[in-house]
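Protein sequences appear in the order of chains V and L. With the first letter of the first sequence counted as 1, position 80 gets the number 80 in my numbering; the numbers rise by one all the way through. With the first letter of the second sequence counted as 1, position 71 gets the number 1071 in my numbering; the numbers rise by one all the way through.
No lab work stands behind these hints, which were simulated from the structure alone. Only true hints are included.
Simulated restraints, written as ranges between beta carbons of each label pair:
id	chain 1	residue 1	chain 2	residue 2	range
1	L	1018	V	220	55 to 63 Å
2	V	67	L	1229	51 to 59 Å
3	L	1116	V	138	24 to 32 Å
4	V	153	L	1113	17 to 25 Å
5	L	1078	V	233	36 to 44 Å
In this text, a Cβ means the ideal position worked out from N, Cα and C, and glycines have one as well.
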Amino acid sequence: MDRLSLLFADIGKLLGRYGGAYLAGVRNTLVLALAATFIGCLIGFLCGILQTIPCAKSDHPVKKILLGLLRVIIRVYVEVFRGTPMVLQAVFIYYGLPYFTNNALRFTSVWAAALLVVSINTGAYMAESVRGGIISIDPGQTEGAKAIGMTHVQTMTSVILPQALRNILPQIGNNFIINIKDTSVMFIISFTEFFAVHRAAVGATYLYFPSATVEMIGYLCMTLAASFLLRALERKLDGDESYELVQADALTMTAGTYNYPDRGSPFDERNPEAVKSMMRESLRRQAEQDEAVRQGQRAERRRETGPSENGNRKGER
Amino acid sequence: MSDPILQVNHLSKSFGSNLVLRDIDFTVNTGDVISIIGASGSGKSTLLRCINLLETPTSGEILYHGRNILSRGVNQAEYRSHVGMVFQSFNLFNNMTVLENCVAGQVRVLKRGREEARTHAMEYLEKVGMAPYVNARPRQISGGQKQRVAIARALAMDPEVLLFDEPTSALDPEMVGEVLSVMKTLAESGMTMLVVTHEMAFARDVSRRVVYMNDGVICEQGSPEEIFGHPKKQETVDFLARFRS
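The shape of chain V in the complex, shown without the other chains (with noise of 0.2 Å):
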């Protein structure tokens, strides 16, 4: 017990001395992360999507070559920055830009080379689950999209991408997480990101457990809100469980565009003679059923005014 209340004091004089930093280094975690996540996103569709043009045999071979030399470029780029320490690329991109350009060039922010770095990471993870959500689509899909005549950059946009993200949403979710937490090795460049003020108030105070206790919670906060999130959204695109029957709507939305009104279209499968009679149908028993709601109403309504003609209605009202 003594323990406890001590951490609660511990944390209490860390949060009093230091709780804006925090709060500032929860942010700047959150928004490189969710930055970072976006952009790698749209890094991995540009490399999934390039990596999955079609290459006929019969394709002019300028084509084939270009095609060739794209998949070979996003091979090396996935394989050097998925097999390698985010840490060292955020070292080595930081330190290498002005070692190569002999100072002349260097990164002003911090911001800028923190975001590059875990961009281009999440990006090299994100083209391969691009290319996976792509090829996990049904072929029929392309060719029913083929059939009515969609060039292949339509056919990826309304058919193939929607139904893909759908497939790589956990995956994006997951590099979202994972950026959140990894964001911390950032402080290798100096970038003042949630873990970077633990290092800081640690070295003041020498509060170590007090503080990584902060940080636990926090990054949990973060992590556990970002699950949670995703989880909507996936909802959200997966859309109803459940469709409307527009029965009604859609025999006033096509009103006239029957050549014989009486004899319905020519191959209508249905008999429209059937569909309009059930309408017809149900709109009378509905109104049946109005007349019947309004004579309940008007006998109630006699009851209660029925006493009134008695002259009680003062006393009941």
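With chain V fixed as given, assemble chain L onto it according to the hints.
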């Protein structure tokens, strides 16, 4: 008679060393309703898929209003928008509702306005009896309903000719009827149709020309009476006998 919509000359297709179509000659005129019958693996579906360029023919030419669509520089997507296709496995877009399925092609390919496309789509959905289900998604409706939506989707593009690739083969028996009756009335309305089918009754009663394919070649073709009543080739007789038994 006006010029043929489609003329297939010396068409061949091979998958690796496997020659699936050999030297096919074939003409489709306006208003034709042609059934292509034959055993599995005889090349019926491949012929249809070659006509829609879903497969690239190995050699030969396909003339669309006299223009070879296999030559370089022909806009294949534009050609496909004039030739509708209905698949055995429906291939409805799973990310869209029934109505969006019929609207997407019109808006993106034909550049129609959304409202116009919607009205047009509703007209055909009405005709195939799927108007009440416009808000449903493909996973929520039955196979026969999916196929009727697929027919409406193809029709909404106002194609000149409609290709059917075994449209009832993936359906439960009780759903075959609803699709065939739509196709029958469609044929009666004057639509030019090319139907690969195993439904012999449909081929006999609805089509105006029957093509019997065997082993990658057109073995025999003629009116339904000729093919079903007086087949000339022994292969045709054998094939039809297998269906009767």
